[in-house]
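Colleague: Now for the letters of each chain:
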Amino acid sequence: MIETFGKLFVNASFVCTILAVIGYFIYSRNNRNTYFRVSNWLFGIQGIFLLVASGFLLYIILTHQFNFYYVYNYTSSDLQLKYLISAFWGGQEGSFMLWVLFSTILGLGLMKWTDEPYRGPVLFFLALTQVFLLSMVSGISFGDFTLGASPFRSLAEAMPNAPFLQSNPDFVPQDGKGLNDLLKSPWMMIHPPILFVGFSMMTIPYCFAMAALWKRKYHEWVNPALPWTLGANVALLTAIFLGGYWAYVTLSFGGYWAWDPVENASFVPWLLGTAGIHTMIIQRKSSTSQKASIIFAILAYVAVVYETFLTRSGVLSDASVHSFVDLGLYNQLVIFMVAVTAIGLGLFFYRYKDLPSQEKESKLLSREFMTFAGAMVLFLLGLVIILGTSSPIIGRLFVENPTPPEVSFYNEWTMPLGMIAAVLTVLGQYLFWKRQDAESLAYELTWPVAVSCVVALASIIIGDVKNIYYMVYLLTAWFALIGNGVIMVRLIKKNSLLIGGALSHVGFAVLLLGILASSAYNTNLLDESMEKYNAAIEQGKVTDEQGFKKTQKVNFLELKLNQPKIIGDKYKVTYQGYTLKNQERSGQQEYQIKFEPADGNGKQFTLHPQVYPMLSASSRSNIQWSVDPDVRAGLFSDTYLYVSGSSYVERKNEQAKENAPQTKPDSTAQEDSVATQKISVGKGQTIAIGHLDLKFHDYSKATDAELQDSTAVAVRANLEVWERGSDNSVNLKPMFSVYSKNGENWTYAPPVAVPGYKDATIQFSSIDPSNGEIELTVRGIDEKVQQEWVLLVAEEKPFISVVWLGTFLLMAGFSVSIFRHWNRERKEY
Amino acid sequence: MKPKLIIGIVAIVGFTSLLMYNFGNSISTYVNFEQASGMEGAHVVGTWDDSQQYGFSMESKQFSFYMKDQEGNTRRVVYPKSKPNNFEQAEKLVVIGEMEDGVFYANEMLMKCPSKYNNADAAEFEKANTSKSS
Chain A
1 MIETFGKLFV NASFVCTILA VIGYFIYSRN NRNTYFRVSN WLFGIQGIFL LVASGFLLYI
61 ILTHQFNFYY VYNYTSSDLQ LKYLISAFWG GQEGSFMLWV LFSTILGLGL MKWTDEPYRG
121 PVLFFLALTQ VFLLSMVSGI SFGDFTLGAS PFRSLAEAMP NAPFLQSNPD FVPQDGKGLN
181 DLLKSPWMMI HPPILFVGFS MMTIPYCFAM AALWKRKYHE WVNPALPWTL GANVALLTAI
241 FLGGYWAYVT LSFGGYWAWD PVENASFVPW LLGTAGIHTM IIQRKSSTSQ KASIIFAILA
301 YVAVVYETFL TRSGVLSDAS VHSFVDLGLY NQLVIFMVAV TAIGLGLFFY RYKDLPSQEK
361 ESKLLSREFM TFAGAMVLFL LGLVIILGTS SPIIGRLFVE NPTPPEVSFY NEWTMPLGMI
421 AAVLTVLGQY LFWKRQDAES LAYELTWPVA VSCVVALASI IIGDVKNIYY MVYLLTAWFA
481 LIGNGVIMVR LIKKNSLLIG GALSHVGFAV LLLGILASSA YNTNLLDESM EKYNAAIEQG
541 KVTDEQGFKK TQKVNFLELK LNQPKIIGDK YKVTYQGYTL KNQERSGQQE YQIKFEPADG
601 NGKQFTLHPQ VYPMLSASSR SNIQWSVDPD VRAGLFSDTY LYVSGSSYVE RKNEQAKENA
661 PQTKPDSTAQ EDSVATQKIS VGKGQTIAIG HLDLKFHDYS KATDAELQDS TAVAVRANLE
721 VWERGSDNSV NLKPMFSVYS KNGENWTYAP PVAVPGYKDA TIQFSSIDPS NGEIELTVRG
781 IDEKVQQEWV LLVAEEKPFI SVVWLGTFLL MAGFSVSIFR HWNRERKEY
Chain B
1 MKPKLIIGIV AIVGFTSLLM YNFGNSISTY VNFEQASGME GAHVVGTWDD SQQYGFSMES
61 KQFSFYMKDQ EGNTRRVVYP KSKPNNFEQA EKLVVIGEME DGVFYANEML MKCPSKYNNA
121 DAAEFEKANT SKSS
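Respectively, the protein sequence lines represent chains A and B.
Residue 400 in full-length UniProt numbering sits at position 400 of the first sequence, and the numbers go up by one each step.
Residue 90 in full-length UniProt numbering sits at position 90 of the second sequence, and the numbers go up by one each step.
It is possible that some hints are incorrect.
[As the list claims (entries may be wrong)] No more than 25 Å apart at the CA atoms, straight line, and that leaves these computed lysine to any residue pairs for SDA-like:
#1 B:Lys83 / A:Glu406
#2 A:Lys652 / A:Lys550
#3 A:Lys550 / B:Phe87
Calculated directly from the structure, the hints in this document are not laboratory data.
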């Protein structure tokens, strides 16, 4: 039922868009309003159909209909509601639908606010991109060829070769495979939707640029396109920030940025869009750079589609931790990419002769030149990153089977470009608000340069910077901060709505400072013995068991339960145990690691890193563990920590191995090896058995019905047992009784099982009347008392807060600009 | 030709060739253990040889195991961290590091696991199926 209707609505929506595309095309040629109105209706109906289809998809997810491949593959019945909802965009098919939904909403806005002569072509191109996107989820078959992958396809359709489905096509699995545990994070709720808002908004400058080319009106389009492009920019930046923050606080990547292809996929369109914003602004002000504005608007969207291709076609599946696999959309994605690029660049070069060109060249010291140069630097940055991300494809020019580039490739190229950009922002801003010649500019810049030198020198001394490259970098970053800061203060006095640009540039400068400080001064927190060990490795004095010389330093530390260690000469850390109670994921342990200042001055705090089994990928005999770091964010530095191993995890792994189906049954041998020990414990005492702690609280009277009538004595021992370090205890009440039968006294003391342990029992075997101690017979638990331990990776990350601050300032600057340009646009009518 | 145009062309050609040269140097190809000797940052692809001893040693503070590359050469691999949590599950390993005296010192290790993002293959699916019926 839903299967048919779901597919029907998706395809009805697909057909409506195609019709709307045709309608908009005719309207753009003959300007008859009827065509525009009809196409708008078709476009709107398309949206309604898609909304209904999305409702169906959400419905089958929420009602756990595992006969659908999408539901089976991305959800399971134990998922919380918030993750069920986010499963909607957890897979490729749903995320394409979300993308089109956002695009449709934007289309409604464009209908209302776009004027002649652009509105026809703008909507034509917007609808055209939706045709491509909807074709990815259509699922119509033509003979052997299937167009796209429908989110409503059944298991049997998705896996035609699975033997159990061939014998029973109506088979419905009990439960789904579940959402990837790494995606079970609140960030999953907001990061992908905002990213798709950004992607769909980035379509709009493309549509406007194409409309300008079509209608040969190359000047006015930037006015309406600018606020949309700025909006796309803020949305993408927000998405990038959320992704970086997500990676930092919940994945153990160790930082906010890893040059991962998927991260780059959102960053490159942002860079190109920002380049476009710069050229659009100068085009608006001084009627130059028409060509550049059009080409950047086209390239920003081409980058969106190209990066979509890279991450969704499966070409990167070896290179990235989180790219999608091929759903059989490879060819369709290639066609999409080629079409968008060919139409865009084709029309551009077709009109090239017609495009206005500048009569006289801009002077070097002009806002036009500086802003254009800034846009070029952003473009080059984008180019470098695209090149690195495309290594699986472009790398084939150099080697067969290429690996991704080293991270240093990105760093070595982006750093100098960032420094050039930093200087250009100041020159550009000083020239932007006032025409100046070299002399007046030099005069105005004297103070900012002088102050920057002093501040940079101070930070070099305070930060103990020894690298000359970093020194220059610091100088340029401080110069950008101070120069743009001065401009911003001046503008606030004049009209605070004008500060968008200056504020964004201040944010960029802060970001540059934050990036250097946080990445160059990242330190591992180690205890003294580890530091010595690493020093010995450096001197080549350490060999391993096989006698090989060790060359690699160690960056973790080991903590034993309740035995503090001093790390980094700064903190006294103590492993205080772990809890299994009230955890969000089943089987998760939350560790308590207490940090106290080593010298006793200052606040203490406790971090709670977590380890949890990835249930979806684990089996009974083999558990896959994943970690969730904990971060203590501070104004100047963050303390970052995760657990890379613990005695609890080791024990669980061993238990899992015992659960594995055994190839050689040797049960007799096992029974013999069950350890038996007798221990005595007094009231109120706690004793250690193996890895367990046991406390004898009290006696209580046994009043069971199962007791013999002739029972003389019957007591229970109230015991509390827990794994050492854990706060998760169980209460056991083994019984000891004496009864008489045939004139003889007999004891009845049944052993009780220890929950969670195979073959482990505790028996209350006797009482010592002289001192009230009880004797317990413990079976199946190691006699040796074991130490609880954790392996930790702890890092001190300075000035992460500055990175976030820079990002927020950038967002704020762009938002002010949106406001200003939007207001101006609206006033014109 | 205008001098500015020439400077522009030279700058573009210079930038592009430098970029491509540097890019070409920063990527490498996946190799086997034999080829890895003498290389810095060699990427070796292979599978874990579970017939030999492996494990994390607290004394030497490292995780070591034997890996068989795609040509069938087996070498000892040393990784200076604790054992990755999903090591045994990995169907393919990529170790990045240096070969020294017949031992591969991995600075980084990537594990290709049967991921949840991937499509369900029939085998995995059948497992889910049998556990339901039992």
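Colleague: Quick one: which hint numbers does this structure break? Sort them smallest to largest.
Modeller: Checked against the structure, the only hint that fails is number 2, while the rest are satisfied.
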